[in-house]
Every structure is written in C-alpha cells, then in structure tokens.
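*Asks:* Let chain Z serve as the given structure and place chain C on it in line with the hints.
2 protein chains.
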Amino acid sequence: MSQLGPVALDAMGGDHAPQATVAGAVAAVREGFPVILVGDEARLRPLIPAGVDLPVHHVAQAVAMDESHPVAAVRAAAIPSVTATMRLVKEGRACAAVSCGHTGAAMAAGLLVLGRLPGVERPAITMVVPRTDGGRLVVLDLGANVDCRPTHLVQFAVMGHAFAHAVLGMAMPRIALLSNGEEPGKGEERVREAGALLAELDLPFIGNIEPTAAFRGGCDVLVCDGFVGNIMLKTVEATAEVVTHIIREELLVHPSAKAGAWLLRPALRRVRERTDYASQGGALLLGVGGVVVVGHGRSDETAVRSALRYAARCASDDLVARIEAALRGLRVAP
Amino acid sequence: MSQLGPVALDAMGGDHAPQATVAGAVAAVREGFPVILVGDEARLRPLIPAGVDLPVHHVAQAVAMDESHPVAAVRAAAIPSVTATMRLVKEGRACAAVSCGHTGAAMAAGLLVLGRLPGVERPAITMVVPRTDGGRLVVLDLGANVDCRPTHLVQFAVMGHAFAHAVLGMAMPRIALLSNGEEPGKGEERVREAGALLAELDLPFIGNIEPTAAFRGGCDVLVCDGFVGNIMLKTVEATAEVVTHIIREELLVHPSAKAGAWLLRPALRRVRERTDYASQGGALLLGVGGVVVVGHGRSDETAVRSALRYAARCASDDLVARIEAALRGLRVAP
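Residue numbers (the numbering used here), protein chains in the order written: chain Z, 298 to 631; chain C, 298 to 631.
With the rest of the complex left out, here is chain Z (with noise of 0.2 Å):
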C-alpha cells in the first residue's frame, strides 16, 4: 500500500516517546508499512537503526514552561509535533496520522488543521472492542463530545456504520442507542430523540440497547454521548480491574485455589489486554478530513505499531471517502 504515502507519526507524543513511537515505527516499516516521524531530529535520528527507511518530518519542540529565553526559543519553536503530522496528511505528504501524546491536543489538531466532513458536526472517538460471541463491537463517542444533541447521535450512527463496513467488512451493522432499557420508551430525551430519527433513516437502527446485550453481539455499532460513553469504557477497564482483584485475593485466601494462582496468570494477562483497550492500537477520530488514530498515551512499541498499521488500514481501505459518502446519503434521506 506504500501507493498511498506513509502514515505520518508524532514522534514527540505519548509517556514513552521517543523510544517506543521510533521502535514502533521501525518494526512497522520492517513489515512494509511506511512512516514518516514527525519532531526533533536531533533526538528522533539516534533511535534509528543504520538500513531502516524512516524519514524524519523536522519541528521544534514546542516552547518549554521553564524556557529562560522564550524569544529566542519562540523563534527556533515551530508549530507543536503534533499539529505538523495533521498537515502532513492535509498536504497529501502522508495517508493518515497517528498520535499517542496528549488526547484533547490530537482532537483540536485533527480538527484544526483537517476540518470536518460535510454534514458532521462533531467528530467522534471510536473503538472496535471484543464481544463474548467472539464478534466485535464499534463504539464511539467515547469522550471527545459531552452534551451532544440527538442530530450528534445521528451522525455517529452514520459514521459508526460507515467504518463498519468499510473497514471492517461487515455487509450489514446494526446500529443500536446505548440506554438504561431497550424499549422506545427508554432513556434520556436525547436518546428518546435520537431513536425517532433514526426510525426515518434508511439504516438497520435496531433502537435501544443495554451494556450487558451489547456485549454479548445485541449489536455491532454502540452509539452514545460521549460523557456516556467515556464513563462506560472507564468502568470497564476499572471493573476489569476490581474482578481480577477479587479472583487473586480468593486465590490467596483459599489454599486449595493456591495451586491455581500461577496457572491462570496468562488468562489474567488476556484480561487485562483484552479490557485495557486504550492501550490496544488506538481510537480513531471519525469525522475529520482525514485518518487519524489517537493512540493511549502509555503506548509501548507494540501499540505504536498496531496504531500505525491500523491506520494504513483505514487509509487504503479508503475511510475518509466512505464515511463522506454515507453522509452525503444521510442529508438526502430524512
């Protein structure tokens, strides 16, 4: 796919960069995914084995808070990493952008510098997370809006179902408003609101749904407010957390369990991977003029890398268009 341009990395971005933004990168490009690095140089170059095709994007470092020379370090300052690798894809010089540093900043910098779709009002944080029927569910918005109104709903139903099929293949989503119970009835009045648009549209909206039947694949696009749904994906990683908890503590109390303790600690490791899924390869801001991945701030070598080949991904599956497409039909139909 090396047709399409590389996938433009803020190298600068995230708890553990450079190191694991730069060894990211470098096992991508060693998979045939090209990168291009975006940030300083001097400290980027370093990290690059001698052989590895890993172009460097030069910024400065944005102005330090204890900087004692602020003019002359204004002057040397370019824009922040971050905003340098949305351009990168604005001007065409890359296919997508990835970033793993500070969430809100990759959000005002996708939506800054690439703008929004026709037709989207606010751009959405999505994730693909696992179902226990073995399928995967999309959800979004898990956090950049809060207070959305039952059109934002709309729009990310359209999104949601857009990216279902585009990227992950499947001919018929269906479409369902996270709520505290399944009948029409149910819910908050954006909600309520958003269910009799969606009635109008030509799209498989199955209407409301709980957390526990999305889960078990009730569903294969989750749509809610983002205050909502931030609050959902945070409970999970947190009740993820208190259930392992609880099995370790038993395991320690009861000494015939004891036994047990070591062998299940694969599982416990599978838990955690398959519940912390911040750290799982990024979230995708849907709505933008372009493909951006935000990827958790404590992203190792490994999540850089699904980040990066995620987003290639996306690009080639052809994601931006797409999603234009299903809004240009979305205006049409009511």
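Hints listed in this document are in silico derivations from the structure and should not be mistaken for laboratory results. What you are looking at is a predicted structure, and each value in this text was computed from that prediction instead of being measured. Idealized CB from N, CA, C, for every residue including glycine. Check each hint, because a few of them may be wrong.
No more than 25 Å apart at the CA atoms, straight line, and that leaves these computed lysine to any residue pairs for SDA-like [to be verified]: (1) Z/K387 with Z/R419; (2) Z/K483 with C/E486; (3) Z/K387 with Z/H399; (4) Z/K483 with C/P447; (5) C/K483 with Z/A402; (6) Z/K483 with Z/T509; (7) Z/K483 with C/A402; (8) C/K483 with Z/T400; (9) C/K483 with Z/T448; (10) Z/K483 with C/E418; (11) C/K483 with C/R513; (12) Z/K483 with C/E534; (13) C/K387 with Z/V349; (14) Z/K483 with C/G594; (15) C/K483 with Z/L409; (16) C/K483 with Z/H593; (17) C/K387 with C/V323; (18) Z/K483 with C/H593; (19) Z/K483 with C/R446; (20) Z/K483 with C/P481; (21) C/K483 with Z/R413; (22) Z/K483 with C/G401; (23) C/K483 with Z/G401; (24) C/K483 with Z/K387; (25) C/K483 with Z/E485.
Part of the chain C face toward chain Z, derived, beta carbon under 7 Å [stated by the list, open to error]: (26) V425; (27) T429; (28) V443; (29) G482; (30) E485; (31) E486; (32) M529; (33) E534; (34) I543.
*Replies:* For chain C alone, coordinates are given in the frame of chain Z:
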C-alpha cells in the same frame, strides 16, 4: 428491634414469588426480624411452616390481562400488593417496605403512597458496592431518574452523604461527582453546574471522579444522573461476565491452565456475587417518606432475607429522619 414494627414484604413480587419471598421472610423471622407478608393469603398461608410467627396482610391479586369477568374481578381485587406494602409503612404498621417485583412499580408505589421528603424533587435508587481497597461505595442515582438537573444531583449528594453516615457509620463520607475527568472543567454541563453548587455547601465534596478512581477508593459517595448510573451499573455486570468468559476460554485453550479451571470455580462464583449487585439484597429508594428497599426480580430466599435485614437496619438507624434533617440543613446552607 421489634419496637419498630415488622418489615412489610410484597410477597407477590419477584420472579420466584411467592416461594422465595415467603422462604426469605421465614428465615428473617427465625433470626429475630419480624416481617409481615402482603399478598394473597390463600397462596401464602400454605407456604408458612407451623410455629413461625409470620402474619399475612391480605390483598387480592391485580386483575389479570386475560380476566374473563372483569367487573367481578375488579370488585374482588384490591390494590396491588406493592402499593398495599407501602401503605403499611405509611400507616405506621410496618417500619419499612421491601419489594422484589417490578422496580418501576415499586418506585411509583413508594412515591405515591409515602410521598417525597421536603427538599427532594426526585427520589434516587441507591446501592452500596464493594471497592478494591476493601471499602464500600455508595452510588446514586442508579436509574430512578433520567435527564436530571444539577439541583437533583445536589440532592442526591446530600441524601447519599446522610445514608453513608447514618447507616454505614462513615465519619466523613467523601462525596464526588461521576465524570469523564477529574478537573473541574471536565464533565457534561449538568455535572459542571452541580460541582459549582456542591462547592458552596458545607459538605465534604471532593470534586469530579472517574470510575477507576472511585472503585479504588477515591470517594465514598458517588453521585450521578440515573441514566449514566444505570449504564455504569450494567457495564459492571457486563464486564464481569466478559472477564469470566475470557478466563474460562483461556483456561480451556491452554492445557497447562486447565488444571486451574476447577480450582477457580469458587473464585468465579465470588466474582459473580460481588459484581451482580442487583442480587445482593437490594437498592434503597432514598428521598421518599419511608424506608423502601427494592430487591432484584431474580431474588432467591437468601436475597429476600438480606433485603429484609437491610430494610430493618435502615429503619432502626432512623434513616428517613436523618435524611430529612440533612435536607433541612441543605436548604439553609447556601
């Protein structure tokens, strides 16, 4: 605590009623907690063992949907058993009410018969859940109210605080607002406004909190809108299911871990007990003029007995008077 009078139990409410309700009541009576059953005497009497002092307050069943003699049925039928249960509290013939029937019906009957305490616009469903630090977390509202206004959240905070103090014996329960970030600027509009209001009151309010921090022990009273709280609660249940599913799957896939499978069974049962909050004995409906415990529809004998003991304890701790006093303080404070 028999000077308080018995706890009134809606013996007809619940998936396993009246067998489970009567069995739970018998167990409670044998432990010294007086109970009065409310329901169809002809069906209840045969279930009560000889020598157990368990009075029955007779009410005919509601008219069935397929009733062929509606007029006669209406003449014969009295009020629904759940309403009759609340009436016993209102009339001072019982110290508290318990129902494991339809949650919405129990809430409606509680509100209708017992009324709201002065200063309460909306009663709140309140639960106590375990934290990983061994402490307990009071959470409200868990589904009684959607589309809450900021002042409703403030009232929930005051009621939750009074409950944690009076019933759980916490010296200074720390109150927090459930949010998608801890900074005061985070959260949906309702949360930001409630935070500003709570900061003005003479309460140990510590600000916003995320689910992970709350479950780890970052606060004692967690306040949220009923829509968000209900989804959080159901996400906990769903995640616990997903996690135990993953663990079972892993134990089957890896031969070396298979031996751990049966060793782990008690631990997984304990996870279910500690995360399936709904079956633990019930939720309190705080803010009505009496102690009302709403048990889960699935309640078995043990859950019914727990709910009855919980209700008796709340009554003997003078919960309603204490919440009323706390609310009086609230109206004066700002």
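*Asks:* Which of the listed hints are not met by the structure?
*Replies:* 13, 20, 24, 26 and 29
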